[in-house]
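Q: Build the complex: two chains, separate frames, hints provided.
These protein sequence lines are chains A and B, in that order. Heads up, our numbering is the position in the first sequence plus 56, with the first residue counted as 1. Heads up, our numbering is the position in the second sequence plus 611, with the first residue counted as 1.
Just so you know, not all the hints are guaranteed correct.
Example chain B residues on the side facing chain A (calculated, C-beta under 7 Å, incomplete) [stated by the list, open to error]:
no.	residue
1	714
2	715
3	716
4	750
5	751
6	899
7	963
Cβ-to-Cβ under 10 Å is the rule here; a few derived chain B residues that face chain A [to be verified]:
no.	residue
8	748
9	920
10	962
It should be emphasised that the hints constitute simulated quantities derived from the structure, not laboratory data. Everything numeric in this text was worked out from a predicted model, so none of it was measured. Virtual Cβ for every residue (Gly too), placed ideally from N, Cα, C.
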Amino acid sequence: MANGDIISGLIQSINASTILSSLAVLLLAYAASHISTYLLTGLSVWKVLNVFGLNRIAVKMLIPLLKFTFYFAAIYYILAGIFNIASDQLILFSGLLGAGLGFGLKDLFADVVGGLLIIVERPYQIGDKINMGGYYGEVKDIGPRVTRLVTPEDTLVSVPNGSIFQNPVANVNAGNLEMMVVIDLFIDPSCDANLAIYILKEALVTSKYIRLSEKHPYVILMKDFPFYKRIRAKGYANDFRYEFPFETDVTRRAWQEFKRAGIRPPKMGVMEMRGPKGESET
Amino acid sequence: MASPQCVIKENDYSPELFGFEEILKNIEEAIEKPDSVPRSNIAIIAEPFSGRSKLLYKISELCRERESKIFFSRLVSDENFLHILEKSGDIVLVDNCQLLYSRKIGGFEKLDLFLNTVASSKKLFIITWNQFSWNYLRFVYPLESIFAVRIELPRLGLEDLKKMVMATCEWQMTFTEDEKTKKEERLGLTEFPVDIGPFKRTFRVPVPRIDYSVLKSRFPAKIGSSEQKDETPVEDTVFQQLKDASEGNPGVAKAIWKRSVPRAEGTITPGDIIKPQYKIDLNYDQAFLLYIILCMECVNIEELKGIIDPNANVNRFVHDLERTGLISVENELLSIMPEALHSIESYLKSVRLVW
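Here chain B stands alone, though its shape is the one from the complex (with noise of 0.2 Å):
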């Protein structure tokens, strides 16, 4: 069947999908059980840029035609998608559910429309939600009751990173050990920024850094052998970086990849590979406005407008969020840089909206 709404974001990154082929497997069984045996609907729960879209495109792949597909891409303001879901096939895959809702009174409608189609449907319904969002309304809606089985994303590990690199990178990478690296080799010290309060500044603080691989070559017997560290090739400490930089999320390793190593020619260092710091500070509002658009993924800021106090300068909060380099807003649309995502992941933690 054709799909209606069919926008597919974080595509981009690679033709192929890594790291999710178990995922894939225990989806594939799922989908071939008889329709005589009763069939759990399935969440897949995700951040952003995790590949979520992908996986929900492959997953149609394996569906040979009896699916439908539902790719919301924004804010749903229509119950079209409902006479999508009365003529659909007997599975449904249904994309960003988080842009069924906004967090404001009255802006659970379509929502309330799509759980309760869900919940008296027979047909199989395998969806995909932002993380964030899934454990702000899971308190709000029985969600857990509705998709007995929730598929979290796991990270990408160090082998699926450098193969979805590679897949995307169209010139021949030479990777070589920078003198940066090599003279950090040392025991030594390093400046710790630390941010106290009543202090108004932020004070540098000298702490200890110890490099690991130094003691492994001091104490093989007990911690590890020097061969061992000789051995590691330097591709692999650039690809350790990279996913240690982008916590094994393809969509921020691909922004901080692409970042570090912008040009298309010569040699790669573990040096190049560099995760954006940055100095977050804003006020509740500012950070809900974030939190908001942490949760949508992509929202327009007339909707937000919606959301925020009525009181709040949504325009000049948006600007100080895009020149920080937290957003970045297109044709009005507004969402997440992938390489702040883990940031702002802390920062709101640190200010209690995100748990």
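Chain A extracted, bound-state conformation (with noise of 0.2 Å):
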């Protein structure tokens, strides 16, 4: 068959039935795809799960897995199924696809294909904190172009599947629930920094957040500036969504204690007069 009758043969089979057809596939792939993200996320707030081993982000992990089946599934089926295009004229229509991403849709390709290497490579996954194009926050949804994070400031933001391949993408929990936090607290020098460090170690460990194991250890650091002193808590929250509950509990009772010890923090100005360029972020 010659290319021509090829083209011809497809122009020919767009009418208003296939276009209706077609669309009414995409519409049902849209729905299925949000019915299984409803469902699969009422699933993973499931207790009985925990009794079976699992915990909500194992469940979360099939949304975009979902997502991207539906979807391909319906555009295989209009491709197939209503236009009827065989596999030569497969080709030939990803001849045409490939010109077309060439013209302007090679960002939209990036984000598919980003889209696809996240399920397969997985850096993240629903429900994760992740740090990506300059956004910090929980992971809401992987769609097939973009990546929705909620950061602590409950702002919904979109990050394109694509920039993976520019950006590094910072997982802090990486499917776990638990989370390291890191808890830094300034002390005046000429304070007793072993009582400081006594207090916070029991800050840290009577917190009601905390979860403590053998995978996940707690660690208190004291580092000496030339003006103040800093006692380092490091310790997993239970949940990384008390990730900040955890942190202002622990600094919260670690203060109340400091101040009842004659502990001080370091006087007014001197936070700013730091060392060499990140000695304060070791």
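A: Below, the structure written as structure tokens:
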């Protein structure tokens, strides 16, 4: 069959009926992906899951996979079932698609491929806390084109999936519910640092949000700076949703006790007198 | 030697001890070791109502007056116990060590002193510890190096459970199969409650109920014989149900038995043994409060106020927990209801406070 015949056959098959059928199939795929997302989100908070050793992230992992399956099945059905495109026609169609990508759809294509890579390589999953494209937040949805994050300020951010090719992605909890939280308290250098360490340790281990196990130890560190001392506590919150309540709980109770023990914060203004770049972050 | 603070809980279910014979034998061997042989301290770790105190009491009988006993029944508030430790014999028995600390800043002082004393002593320490408390504390303190031998109490088997209940019962028990049980020996449907968060309601999903005893009778060659089923005495069915409902915990079994068979006469049917069901829905602070009660086993409301968020209304939380039947309050002392123990444990696992 000549190429001209294929293109004319394809154009001839486009009519009101095939367009409506295609739209109906896309609508069905859209509805199916939303219903499956809704049901799996509901299932993920089902407490019985714990009995089977599953957590909500394990269930939510299925959401992007199902979405892609629905959309690709819909596209395949539209091309093969409605437009009756044979394999040689499909190759031609791919050529046309390639041309289209070259002209203006390359970003969209990069986002879709990025979405597929996210499913296969799993640099993050729904429910993870990540830093992506300069935004930090909990992954709420991985769609075919964008990943949606909710920041601690409750702002919904849509980051194109294609950005994983250009920017690194930092995943804080990597599929686990536990999450390490780093809490820094700064004290005046003349205060008793040993006592401060002792108090911060007790504030950390007695927090209602802490998770302690072989895999989730805690550590207290101290660093001496010219005009202040930094006491750092590292511990795991039992659920990354408690990241900020955990930090608040430990900080509040530690400072309450510091005050009783006569441990003071550094003098005003000294915190701005940092050492060489990056020193305070170690 | 006389025991200084001897208050024993858990001793009301039976004058005898069942199911711990092997443990007692091993501990006796450890006690009998000559002084020249280095001895390892022993920690007996178990969930509430499992007979820890009773076991320790039995151990004291094996010591032949070489021991000193400290039975803590309330949160330890002073250091008097240290004097007893100093003057004690070569074996020291300490019950309910979870009462040596309170989960708050500055709440570990007594525990620090106790552990330092144990670590530097040449005496043999045999202690008991709440399992939930131990599982938390072992990642805060090097408990496992101080108590090198750890014994987890086994769950009671059918025979031991039967003996335990029979020993406490003062009336002649008659067991009979009830109509309800007979009717349920069919393949059918039962409803399973499913709580799905976003819908904010409970759905009752029908699931098939399979009676394996009926299947066994249909396929005698492969699974079992029909004669076996007929030979199972009703008495064993009753106690098997009690064992399943209590998960082999003697205190829980006793509580379920008391609720299920409140009368002191008549017949007992398998249908009488009912495991209480609890619908637990708490906020995080309430769940944490429940966890603290589970760990300490016996705690005063005022002591809780020092542990829980100062903005939280502890009295209201306590009232809610008492109303749902999860805890009991007696003279301002809070403790877990035995029959609710495993429901509480499952719930706290689901909210990630127990692991």
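Q: Taking the hints in turn, state whether each one holds.
A: Cross-check of the supplied hints:
Below 7 Å, beta-carbon pairs count as interface contacts, and residue 714 of chain B has one with chain A at about 5 Å; its hint therefore holds. Interface hint status for residue 715 of chain B: upheld, as the beta-carbon distance to the closest one in chain A is roughly 5 Å, under 7 Å. The interface hint given for residue 716 of chain B holds, since its Cβ lies 4 Å from the closest Cβ of chain A, which is under the 7 Å cut-off. Of the supplied interface hints, the one on residue 750 of chain B holds, with its beta-carbon coming within about 4 Å of a beta-carbon of chain A, less than 7 Å.
Nearest Cβ of chain A to the Cβ of residue 751 of chain B: about 5 Å, under the 7 Å cut. The hint holds. Hint on residue 899 of chain B holds. Least Cβ distance to chain A is approximately 4 Å, under the 7 Å limit. Given hint, residue 963 of chain B at the interface with chain A, holds; its Cβ is 4 Å from that chain's nearest Cβ, closer than 7 Å. Proximity of residue 748 of chain B to chain A holds as hinted, the smallest CB-CB distance being about 9 Å (cut-off 10 Å).
A hinted interface residue such as residue 920 of chain B counts as satisfied when its beta carbon comes closer than 10 Å to some beta carbon of chain A; here the least separation is about 8 Å, so the hint holds. Hint status for residue 962 of chain B: holds, given a least beta-carbon distance of 8 Å to chain A, under 10 Å.
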